[in-house]
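Student: So the chains spell out like this:
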Amino acid sequence: MMDMDPQMAAALQTFFEESRDLLQDMESALLFMEEQGADLERINAVFRAAHTIKGSAGLFGLEEVVRFTHRLENLLDQIRSGTKTLSPGNITLLLSCGDHINDYLDRLVSATPLDQHFLSEDLRLLAALQSALGENSSATDPSLTEPSLTVYDDVESRTEFIHEVSSDAPVKSAANWHISLRFGQDTFRDGMDPLSFLRYLQQIGEITGLVTLTDALPALSMMDAETCYLGFEIAFRSVADKASILDVFDFVKDNSIIHVLPAHGQIAAYLKMIQQLPEGDQHLGEILVAVGSLTPEELQKALALQEGSDQTGQHLPLGEILVEQKMVQEPVVQGALEKQQQQRESKNAERQLLRVRAHDLDHLVDLVGELVIASAANRLFAGREDLESRLESSSQVARLVEEIRDGALRLRMIDVAELFQRFPRVVRDTARTLNKDIRLEISGEGTELDKSMAEKISDPLMHLVRNAMDHGIEPAEQRLAAGKPAQGSIILHARHDSGGIVIEVSDDGGGLNREKIRRKALEKGLISADQLLTDPEIYALIFAPGFSTADTISDISGRGVGMDVVRQNIESVRGRIDIDSTPGRGTTMRIHLPLTLSIIDGFLVRLAQDTYVIPAEAVEECLEYPQTVGSVGYMELRDQPLPLLDLSAVFKKAELSETRRNVVVVRHGMERIGVVVSGILGNQQTVIKPLGKLFERVPGVSAATILGNGDVAPILDIPTLIQRHYAISAKSALVH
Amino acid sequence: MAKNILVVDDSASLRQVVSIALKGGGYNVIEACDGVDGLAKLAAADKIHLIISDVNMPNMDGITFVKTLKQKPEYKFTPVIMLTTEAEEEKKREGQAAGAKAWVIKPFQPQQMLAAVSKLVLP
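Protein sequence lines, in the order shown, are assigned to chains A and B.
Counting in full-length UniProt numbering, the first sequence runs from 1 upward without gaps.
Counting in full-length UniProt numbering, the second sequence runs from 1 upward without gaps.
No lab work stands behind these hints, which were simulated from the structure alone.
If you're wondering where the values come from, they're calculated on a predicted model, not measured in any experiment.
Backbone N, C-alpha and C fix where the C-beta goes; we use that ideal spot for every residue, glycine too.
Worth double-checking, as some hints may not be accurate.
[As the list claims (entries may be wrong)] Covered stretches of chain A, as calculated for chain B (at least 3 residues, CB under 8 Å):
{"#": "1", "region": "50 to 62"}
{"#": "2", "region": "199 to 211"}
[Said to hold, decoys possible] Here are the simulated lysine to aspartate or glutamate pairs, EDC-like style, with alpha carbons at most 16 Å apart:
{"#": "3", "chain 1": "B", "residue 1": "K91", "chain 2": "A", "residue 2": "D77"}
{"#": "4", "chain 1": "B", "residue 1": "K76", "chain 2": "A", "residue 2": "E226"}
{"#": "5", "chain 1": "A", "residue 1": "K689", "chain 2": "A", "residue 2": "E370"}
{"#": "6", "chain 1": "B", "residue 1": "K76", "chain 2": "A", "residue 2": "D193"}
{"#": "7", "chain 1": "B", "residue 1": "K47", "chain 2": "B", "residue 2": "E74"}
{"#": "8", "chain 1": "B", "residue 1": "K92", "chain 2": "A", "residue 2": "D254"}
{"#": "9", "chain 1": "B", "residue 1": "K92", "chain 2": "A", "residue 2": "D250"}
{"#": "10", "chain 1": "B", "residue 1": "K23", "chain 2": "A", "residue 2": "D5"}
{"#": "11", "chain 1": "A", "residue 1": "K456", "chain 2": "A", "residue 2": "E571"}
{"#": "12", "chain 1": "A", "residue 1": "K436", "chain 2": "A", "residue 2": "D470"}
{"#": "13", "chain 1": "B", "residue 1": "K76", "chain 2": "A", "residue 2": "D186"}
{"#": "14", "chain 1": "B", "residue 1": "K3", "chain 2": "A", "residue 2": "D193"}
With these hints in hand, go ahead and build the complete structure from the sequences.
Tutor: What follows is the structure, encoded as C-alpha cells:
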C-alpha cells in the first residue's frame, strides 16, 4: 500500500472506516428487526448499507467485494420487494455475511492472507445466499466453484487505475468515420450542451471536417431560446471503434438522431441515413462531400439509388415538420415535500460530522496540555511581579486556556452508545451458544467518554457481560423454580457520577455465592481461615489472579484468567471496579472511570522541598497533623481509627522535620488512609505525562506532571499506596 | 475558472474517489452527503455547473433532490448525472422523469466518471 497515491490511500482508508460503520448499522438494524419484527425503513437501511459498500468497493477495484455484496443485495432486494421474508434463518445468514465482509476488510487492512477457514466460509455463504434466493444450488454457477473473495498482497496495483491513460492502444491504426448528429429539441432543457460532446469527441480522435446544420432553425420570431435546433455532420478520424464513438453520445442518444458510419463505406448505408434525416437530400449530400466523408462520385451513386427507391414510395419527405413541445413539469406536491424536509433537517444536523485522524487529535490535546502548563507558569511569574494589569491579563489567558482545554477534550469524547453497540450481537450469539434466553437492555446513551478509554474498556466490558451471562444467569428451569421469568436479562447502563463515569453491568441471576468464593479463596491461599471479611471484600476476591469459581470451564468466559485481567485493564485507565450482589436477585458490576485520560484535577502537596500531586477525586478532607499521635501509625478521626501513611518512608526520604504537618485523607473504594505531608499547596489542573521507562515501576507513582515553574511532580497512585499499606500492616500484624 | 461539480452521495469514500478523479480532470468539486445537504450546498455555492447524485440516500433521496432542484430556475439547465445500479431500472426512469438525463451505473471506475462529466461540461 506504500506506493499508492496518497490521496487514494486516504480514500481507501475512508472506505474501510465507512464500510465498518455501515456493517455495524446493518447489524444493529437486523438485530432490532429480529426482536421487533421487520420494518421497511430498516430493511431499506440494510439494503442501502450493502448497496453503498458495493458501489464504493467498485471504485477501488475490489471486485470480490462487489461480487459478494451483489449477491447479498439480490437477497435484500427480494426481501424488500416482499418476494422473500426476513426469516430468522435469513437474519442469521445476513449477519454472517456482514461478518464475512468485515473479516475480508480486516484482512485487507492488515494484509493477512486468506486461510482455508475463510475460503470455506466464503463458499458456504455463497451457497447459502443462493439457496435463500431459491436458486438451484446444483446449477453450474462458476462463482460457486471458486471463492468470491480473494486477498491480493498488492492493493496498490488495484487502485492505480486512476492514472491509467484511456484506451489508446497504439497497435490499432486510425480509421475515418462519418458522424451525423441531430440533437434532440430538449437537449438544452435536459442540461446537455452539444458543444461539450463535440469537445469530448476530440479526446478520442480528430475531427477532420465539420459542418453545422442550421436548416432546422426557424425564423427569429419563432425561435424558442430553450429549444435545440442544431445538427452536425462530422468527418472523424480515430482509432476508436464504432461502439466507443456511439458511447460519447450515450446521454443524448434517446432523443437525438445519431449515425456513425465508416467513411467511404457502403453507399447503401449512406443512402439510408440520408433518407432518415430531415434535411433536403441534395443539400445533405453536398455536405457529406464537403466534410470529406463521401466523394462526389459516391454521392452521385447514392442519389441514383434514391431515385430508384422513390419509385417504390419509400422515400421520406424532406424537412419533417418539427413539432414544438412544451416541457411539462413534473407535478410535485410542494407542501408535502417541505414538510418532509423540515422533519429531516433536524436529523441532518446530527450528520454534519467531520472525520478527524485520532493522531491529529492526540497531538492537539498534547499541545493543549503544554499550553495549560505554560499558562500556569505565566500566572506564577505574573504573581511574582505583582503587577495588577499583568496579573489580570494572565488570569484571563488562563481562563481561555481552560476553555480550550475543555473544548479539545470534548473532541475526544464519544457517546457511550458507540461502545455499547457491539453488545446486542455479543449477547445474542452468546445466548445461543449457552442455550439460554437472555435479553439485553441498554440505557444511558448520551453519556460521553474519552475514545481511547472506550477502546481500553471495551474488552473488559465484553468479558463482564459474557461472564454475567454464563455464570450469573441461571438455566431456565432454575429460574422458573425460583419464581423468576425464564428469560434472563442483562442491563448495560452508563451515567455521569461526580466528575467521572460509571458503567454498570447488571444481571438478574443468582447473585454471587459468598461461601463458594470464600472456600475457593481459602483453597488458593488468598485469604487465611480466621480472616474476617466484609461482603465487598469477599466479592473483590474474584478479581484476584487465577481465581475462578466456575465448576466447569466454558468457552464463553474463559479459563479463569479473565477477571484479574479485567481489573488490571480498568485500573490501567485509572478506573476501578466494585461489585454489588444480592443472593437470588442478581449482581451488578460497577466500573468507575475518570472523564479523561490526559488531564486531572490535581491536589498539590509538599513533602520537604518536593511537590507531589494527589488526584483530587481521591481526596476526602485535609487535617492538621495531631500532636498526640504516637509511633503507632494511627490517628483518631471522629472516633474512628485512621491509618497514617508517611510518604517520606514510602519514598525513602529523610523523616519530616516540620512540626506543623498536614494529613490528607484519601479514599479508594471502601478504604481510607491519611497521607502525612509537609504542606498543602491546593488544587491545580494537572496534565498527565507518562513516566519514562526508568520510573515505570516505581510503586505508588502512576505518572508525572510538569508544574508551572518547570519542576516535575510525581502523581501519586493512591489505590496502590493504600493496598501496599494494608498489606504491610497485615504482615507486621502477623509478626507481632 | 474551474467548473464546479456537486457530488451528492452518502458514501464518503465514493465522494472522495470521484473528487480525486474530477479534480485530476481540472474540475472543482463540492461534496454533499444527501439530498438535504445537496440543496444546502447549492444554495451556498456561486454556481454549480454539473450535479452528480446517488439515488439511494438517507434523509432525502436522489429523485426528490433532483425534482426539487429542477424547480429552481437557476438549475433548470444544469446537467445532472444520476448514479444507479442495474437493479434499479425503475429508479432510473423516475430519475429521468425528474430531470436527471444522464446516468452512470454503479459500480464504476473513477475514470468512467471523469469521462461522463467531460461529455457534459468542459473543465
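Student: Against the structure, test the hints numbered earlier, and report the numbers of the ones violated in rising order.
Tutor: No numbers; nothing is violated.
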